[in-house]
Structures are given as structure tokens and as C-alpha cells.
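Chain residues, written in single-letter form:
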Amino acid sequence: MELTGAQALIKSLEQEGVETVFGLPGGAILPVYDPLIDSTIRHILVRHEQGAGHMAEGYALATGRAGVAIVTSGPGATNIVTPIANAHMDSTPLVVITGQVPTGSIGSDAFQECDITGITSGITKHNFLVKSAAELPRAIAAAFHLATTGRPGPVLVDVPKDVSQSKMEWWWPSGIEDLDLPGYHPDVELDDDAVAAAIALIEVAQRPVLYVGGGTLKSRASKELLAFAERTNMPVVTTLMARGAFPDSHPQHLGMPGMHGFYTAVTAMQKSDLLISLGARFDDRVTGRLDGFAPDAKIIHVDIDRAEFNKVRRADVALHGQVAAIISALDAGLKKTSKYESWWRQLRDWQASYPLAYDEPVADGPLRPQAVVEAIAQRAEPGTIVAAGVGQHQMWAAQHWRYEEPGTWINSGGAGTMGFGVPAAIGAKVGRPDRTVWAIDGDGCFQMTAQELVTARSEGIPIKVAILNNAYLGMVRQWQEMFYDERYSEVYLSPDLPDYVKWAEAMGCVGLRATNLDEMKRVIDEANSINDVPVVIDFRTDATEKVFPMVPSGETNDAIMVHPSQRGGAS
Amino acid sequence: MSPAAEPFVGATSSTPVRHHILSVLVENKAGALSRIAGLFARRGFNIYSLAVAPAERHQRFSRVTIVVDAESAPLEQIVGQLEKLVNVVAISDLAPRNALERELLIATIQVDVNNRRALLNDIESLGASIVDVDAFGLTVMLAGTPGACDELERRLDNYDEVDIHRTGRVALPRLGPRLVD
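Quick note, the sequences are listed as chains A and B, same order.
Numbering follows numbering that gives the first Met the number 0, in which position 280 of the first sequence is assigned residue number 279; successive positions increment by one, without gaps.
Numbering follows numbering that gives the first Met the number 0, in which position 92 of the second sequence is assigned residue number 91; successive positions increment by one, without gaps.
A couple of the hints might just be wrong.
Unchecked claim - Chain B regions said to be covered by chain A (calculated; three or more residues, Cβ under 8 Å):
{"#": "1", "segment": "22 to 34"}
{"#": "2", "segment": "83 to 97"}
{"#": "3", "segment": "119 to 132"}
Said to hold, decoys possible - Label pairs and their computed distance ranges (CB to CB):
{"#": "4", "chain 1": "A", "residue 1": "P185", "chain 2": "B", "residue 2": "G30", "range": "15 to 25 Å"}
{"#": "5", "chain 1": "B", "residue 1": "G43", "chain 2": "A", "residue 2": "Q164", "range": "38 to 48 Å"}
{"#": "6", "chain 1": "B", "residue 1": "I129", "chain 2": "A", "residue 2": "K166", "range": "33 to 43 Å"}
{"#": "7", "chain 1": "B", "residue 1": "A142", "chain 2": "A", "residue 2": "D114", "range": "36 to 46 Å"}
{"#": "8", "chain 1": "B", "residue 1": "G30", "chain 2": "A", "residue 2": "V311", "range": "28 to 38 Å"}
{"#": "9", "chain 1": "B", "residue 1": "V161", "chain 2": "A", "residue 2": "S552", "range": "48 to 58 Å"}
{"#": "10", "chain 1": "A", "residue 1": "A505", "chain 2": "B", "residue 2": "G43", "range": "43 to 53 Å"}
I should point out that these hints are in silico values taken from the structure, not numbers from a laboratory.
Using N, Cα and C, we set each Cβ at its ideal position, and we do this for glycine too.
Between the sequences and the hints, there should be enough to build the whole structure, so can you do that?
Right, dumping it as C-alpha cells:
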């Protein structure tokens with residue numbers, strides 16, 4: 000069967016089981032958009048290529064499958080660089096297809112030419128510049144294989160216009176061995192000696208903590224984790240990237256660690272004598288100042304990426320492989336378990352002394368942003384998916400919502416990409432149309448990518464957006480208040496410029512506003528009753544609210560600052 | 000693979016601190032070398048020298064020999080990050096004490112016919128050879144250990160007009176005891 004490169008590209012995506020792609024056409028990718036008309040694949044036309052990338056990420060994080068984006072060359076490609084970098088930091092499986100100028104023009108500074116494989120070589124797991132139509136099926140199959148196996152990540156396939164226009168005889172790789180990836184071996188043999196060494200450490204530990212990272216979700220290891228945690232009675236913390244990997248309602252769950260982590264989660268790690276890291280990477284936002292991090296803890300480091308071992312913190316035992324398989328191996332080999340009674344007494348004591356706290360809500364506004372998150376959560380059906388941007392609202396959404404299952408928390412972790420929330424929520428809703436999806440956003444973030452609500456309305460993707468509108472770039476404001484003598488430099492945004500309600504309405508969405516507790520409950524109920532169009536709520540929140548607990552930058556986690564109402568006691 | 004760098008053996012003036020030799024087999028694909036160079040740059044790993052050539056009698060793979068500074072980053076990190084490059088097929092890590100290292104130096108020295116005595120002595124004593132000559136100067140070549148190349152370079156410092164090119168080193172593991180002595 001003779002096909003054009005463009006037809007082969009679309010057929011390759013169909014072969015990979017792709018149901019939805021996010022994109023925006025342009026000159027160099029034009030040939031690829033023609034066969035899309037005849038394909039079963041749903042194309043969602045975004046308003047900015049960054050939106051396509053974040054939607055693909057949201058889709059991937061909600062479904063566990065690779066998200067796919069298609070954009071054109073030059074600025075189309077550079078506009079999706081931020082989502083690619085974001086996906087690279089958070090190990091999100093993504094396949095990004097970019098148009099490129101014809102092969103004969105590459106290197107000539109042609110119109111809309113840019114070296115996107117060069118630009119993205121440091122922020123992709125791998126990328127391809129396809130030189131002939133016959134290579135396309137293999138490149139697409141390899142891209143999906145690379146994106147979704149081992150440590151997942153973004154893969155970019157750059158397709159010159161003449162490649163998509165030329166003819167090829169259709170073929171499809173017969174299997175992984177046919178992908179021509181002699182340097183890629185994602186399957187790892189379990190090291191029995193290392194498993195035994197880990198078990199020996201576990202059997203003598205008095206104060207262990209299961210330090211659960213995003214790799215636990217990527218490895219789909221939640222079931223194994225739950226069984227292992229319950230059998231061993233070990234406390235669990237879930238990092239920002241792992242919210243939902245272990246139920247928040249579980250009594251062994253101490254919550255999120257890190258710079259804005261729960262006091263007990265942070266302190267348990269600090270005082271632990273054994274940290275079992277499950278797909279976590281000792282990020283600086285978790286460890287605080289490294290030389291004072293968990294000084295008495297031995298480290299069992301479980302990761303699919305060997306380069307994570309000893310990168311930040313020396314591992315006493317490094318266990319290379321999939322988290323799920325390694326938890327099962329530990330579970331099978333472990334003979335002696337403990338109840339850790341005195342450890343739990345200590346942990347319960349901390350939990351009682353330092354629960355998550357915020358200022359009492361006042362009846363007549365301004366709203367406490369934490370209370371808004373809790374009110375939405377209380378009125379949300381189980382399984383609701385939450386997507387966030389980056390900043391204070393993200394931390395409140397991570398702290399005050401209870402995540403019970405994988406794929407319900409979608410955020411930008413490593414890269415900290417403002418504007419991630421709205422498009423990621425759209426992508427999540429496309430991937431999980433059966434679920435309610437809330438974007439909990441900040442006013443600063445919302446202004447970066449809000450135009451994708453036009454996409455949501457026109458494509459019939461009814462997400463709900465809660466803007467915690469404090470009229471500031473709130474996290475920066477918090478730092479300026481606490482560490483720069485309240486000298487507020489370029490952080491004020493105004494609560495009503497833009498008018499978020501009118502803006503929402505102009506984009507075909509329902510726009511609502513709440514300035515006090517009564518309105519807050521009413522508009523949340525109203526938003527929950529609307530299921531056909533996107534809803535945007537402008538919650539007017541208190542600009543002076545800060546995220547606590549907080550470990551000040553550059554300090555050890557022992558310096559954790561709890562909410563002012565809890566200070567004065569032991570710490 | 001041992002995580003710690005070997006204590007430094009075989010110091011030369013061009014590799015004054017601990018170094019390791021990584022022999023990296025890569026797919027001979029567009030951009031593969033730039034991925035390696037880019038990785039070293041963005042992770043802050045220092046390279047002393049880098050030599051590349053097609054490997055194993057066909058064009059599918061290239062051999063990249065990289066002399067890395069094992070103090071700029073732990074060798075385990077450098078190897079671990081290199082392994083993640085999809086085009087990298089195999090990495091062998093040679094501690095200097097286990098490696099047979101060789102390098103090629105060529106140099107053109109502008110020195111007239113009447114003043115070549117000392118230079119010819121140096122060339123002879125270091126095992127270098129003369130590969131080109133005219134009335135105004137000569138070109139010499141030394142294929143030898145990095146230390147020998149350093150020594151020749153040091154002696155050539157005495158001349159005013161010298162153009163020295165070095166290839167960077169290539170290396171193979173030393174043969175086992177069964178074959179030595």
C-alpha cells in the first residue's frame with residue numbers, strides 16, 4: 000500500500016492506539032493535517048501551542064498513557080518547548096510531533112525554520128529528525144516505546160515537509176527489536192543481593208518512613224505500596240509528584256513532605272533512621288539544606304533510573320528497577336516485621352500538636368484560600384481530578400484536598416510552570432471524560448493560559464476552574480513579605496483587571512464570583528450543577544494568606560515554620 | 000562498575016587531577032556527538048579530551064573516547080547520565096592504571112637549517128619522527144603516551160614559532176597478566 004508520509008504518520012498514530020491529539024496547524028505541518036480529516040483520531044485545536052503541550056501532559060497524567068501533540072515548525076515548535084521541559088522534569092510520557100522545513104532547506108534559515116531537535120535535546124528523553132517517509136513508522140513506534148517505558152518522558156519527532164509529502168510503501172515495525180534502538184534497554188534484572196541488603200536494613204530499623212515519589216505512580220505500584228505499608232505498619236509520605244499514590248484517608252499516611260509539607264511528614268523524615276525512597280529523587284524542595292537532611296537515616300533508594308542513585312544523597316542500598324516489582328520483592332523477602340509502637344506514638348504526638356492550620360474564616364470575606372479548596376473538595380464527588388498551576392494555590396490544593404487514588408492530582412512539579420493548570424485540566428478531562436475535573440488556579444497563572452478555555456468551550460470539554468484571586472503573584476509576594484522586609488516588587492496584579500467573570504463569559508464559559516462564605520458555597524454548588532460548558536469562578540481571597548508550614552529556603556528541614564497560631568510550643 | 004574514581008595514576012600536565020577514560024560506543028546518527036557534548040555541558044562535567052572515529056569497520060557506530068575529570072562530578076553520575084542517551088550503546092570505563100593510553104601530536108616548528116641540532120636531539124630522544132621539512136622549519140609527529148606528548152610539548156615551548164596539534168587520547172584496556180611478561 001503506497002501512502003504519503005503524512006498518511007503514514009497518522010496511520011502510525013492509529014497503530015499506537017492514539018485516540019486524541021492536541022495541536023495547531025501551520026505551514027510545515029500542513030500535509031499532516033490533511034489525512035487527519037479521514038482519521039478516527041480526535042484532534043483538539045488549541046489556541047496556543049503551549050496549551051497543546053500541557054493538555055497532552057494532563058491527558059497523560061490522568062490516563063497513564065502517552066499524551067500526543069502536533070505543532071508546526073519554528074515558533075510552533077518553540078511554543079511547545081515549555082511543556083516539553085515540564086514533562087521532562089516530571090517524567091511524563093509525551094510524544095510531540097513538529098513540522099520542519101523541507102530537508103533541502105534545513106540549515107538555510109528558511110521561513111519558520113528552527114533547530115528544534117537541537118533545542119530540545121537536553122529536555123527530551125530522545126528526539127528524531129525523520130529524513131525519509133519510509134522511516135516514519137519506525138520513528139513513531141520508537142517514540143511511543145521510549146516515552147512510555149523505563150523512566151517515562153517526552154520524545155519529539157521532527158518531520159520535514161517534503162518527508163510528509165513524499166510517498167512510501169506502508170509498513171509497520173514487527174516488534175521492539177525492529178525499532179533500531181541498540182542503546183535502549185529499559186528492562187532491568189532485579190539484584191537479589193541488593194534486595195537482601197535492603198531487607199536487612201528494614202529488619203533493624205526503628206523509625207522507618209516510606210518516602211513515596213512520582214515513580215510509584217509511573218510504575219503503577221499503588222496496590223503493592225498499600226499492601227507493603229499495611230503489612231509493615233510503616234508511615235508513608237507522598238511527595239508533590241506522588242499525591243494520590245497512597246490514600247490520604249489512610250491512617251498511616253502522614254501527608255506531603257517538603258518545603259510546604261505537613262509538619263509530621265517533614266519531621267518524620269528528619270528523625271527517621273531509614274528512608275525507603277520509592278521512585279523519588281531527593282529533590283531540593285523535599286530535602287531542604289542537604290547537609291542537614293535526615294541526618295540519622297539510612298537510605299534505600301528504589302528507582303528505574305540508575306543515574307538517580309547517589310546523585311543527591313548517598314544510598315546505603317540502591318535498588319534498580321520498577322517500583323512495583325521491587326516492593327513485591329521486598330514484601331516477599333521480609334520475614335520480621337515490627338509495629339514501630341514508640342515511633343507511632345511520636346508521630347501521633349506531632350500530628351496532634353501540628354495539624355495543618357490556617358486563619359479562621361471570617362463570615363464577611365475576604366475568603367481564606369485554604370477554605371475555598373476545602374469547600375470545593377467537600378462538594379466534589381469521589382474520584383474528582385484536580386489540576387493546579389504553580390504557586391500558593393498549588394500548595395493549598397496539594398495540602399487541603401484529599402487524594403485517594405492515582406491520577407487525581409495533576410500538577411507541574413519539577414519545572415514549576417505557571418499556567419499549567421487550565422490546559423492540563425482540559426487534557427485530563429479529555430482523557431477521563433467520566434470524571435469531574437477542577438483546575439485550582441491562581442490569578443497570575445490563569446492569565447498565562449486562560450485562552451485555552453476557548454478551546455474547552457468549542458470542543459465541549461466542561462472543566463471547572465477555581466481562581467484563587469488574591470490579586471498578587473502570591474508566592475513571590477509571600478517571599479517578599481517574609482524575606483525581603485515586605486518590599487513588594489512587581490507582584491501586584493489587581494483583583495478586577497481583568498474582570499474574570501466577563502472574560503469567562505467572552506470565552507463562552509459560565510463566569511461566577513464569590514467574595515464571602517455564603518457566596519462561596521452557592522457558586523460551588525452552581526458550578527457543580529453545570530456539566531455542559533466550562534465554569535470559571537473568581538474567588539476573592541485574602542492576599543495576606545501565606546502557605547504554612549514552610550521551610551525557609553537554604554535552611555534545614557529542622558527550621559520548619561508552622562502556622563503562626565501554632566508557634567511558641569516545641570518545634 | 001566502581002562508583003569511586005581510581006586514585007590518580009599517570010599524571011600529565013594536561014590532566015593534572017584525577018581523570019578517567021570513557022570509551023563510548025554510539026550510534027553513528029546525526030546529532031549523537033552533540034548530545035554527548037550537550038550532556039557534559041549542562042550537567043557541569045568537565046572533558047579534558049575527546050576523540051571520535053567510526054568504529055568496528057563499519058559506519059553504524061562510532062567510538063568516542065572521552066577523558067573526563069572525575070573531580071568535576073562522580074564518575075557514577077557521568078556514566079549513569081551518559082547511559083541514558085538513547086544513541087549510546089555501550090560504555091567502558093577505564094581507570095588510567097588499567098588503560099593503555101595513546102595520543103598523537105603533530106607540530107610544525109619554524110627553525111632554520113643552522114639551528115636544528117638541539118631540536119633533532121629532543122625529537123630523537125622522545126621517539127618522535129620528522130614527517131615534513133623545508134628550509135624554514137620542520138613538522139614532527141609523536142604517537143605516544145600522553146606523558147610523552149606533554150614532554151615534547153614542553154620542550155617545544157623553547158621555540159618561538161610552533162604550531163602544535165594534539166588529537167586527544169584513545170585507550171584500550173591493558174591485556175591481562177596471562178599475556179604480560
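Results for each hint:
no.	hint	verdict
1	22 to 34	holds (count 6)
2	83 to 97	holds (count 7)
3	119 to 132	violated (count 0)
4	A:P185 - B:G30: 15 to 25 Å	21 Å, holds
5	B:G43 - A:Q164: 38 to 48 Å	43 Å, holds
6	B:I129 - A:K166: 33 to 43 Å	58 Å, violated
7	B:A142 - A:D114: 36 to 46 Å	37 Å, holds
8	B:G30 - A:V311: 28 to 38 Å	29 Å, holds
9	B:V161 - A:S552: 48 to 58 Å	52 Å, holds
10	A:A505 - B:G43: 43 to 53 Å	48 Å, holds
Violation of the numbered hints given earlier is confined to hints 3, 6; the remaining hints are satisfied by the structure.
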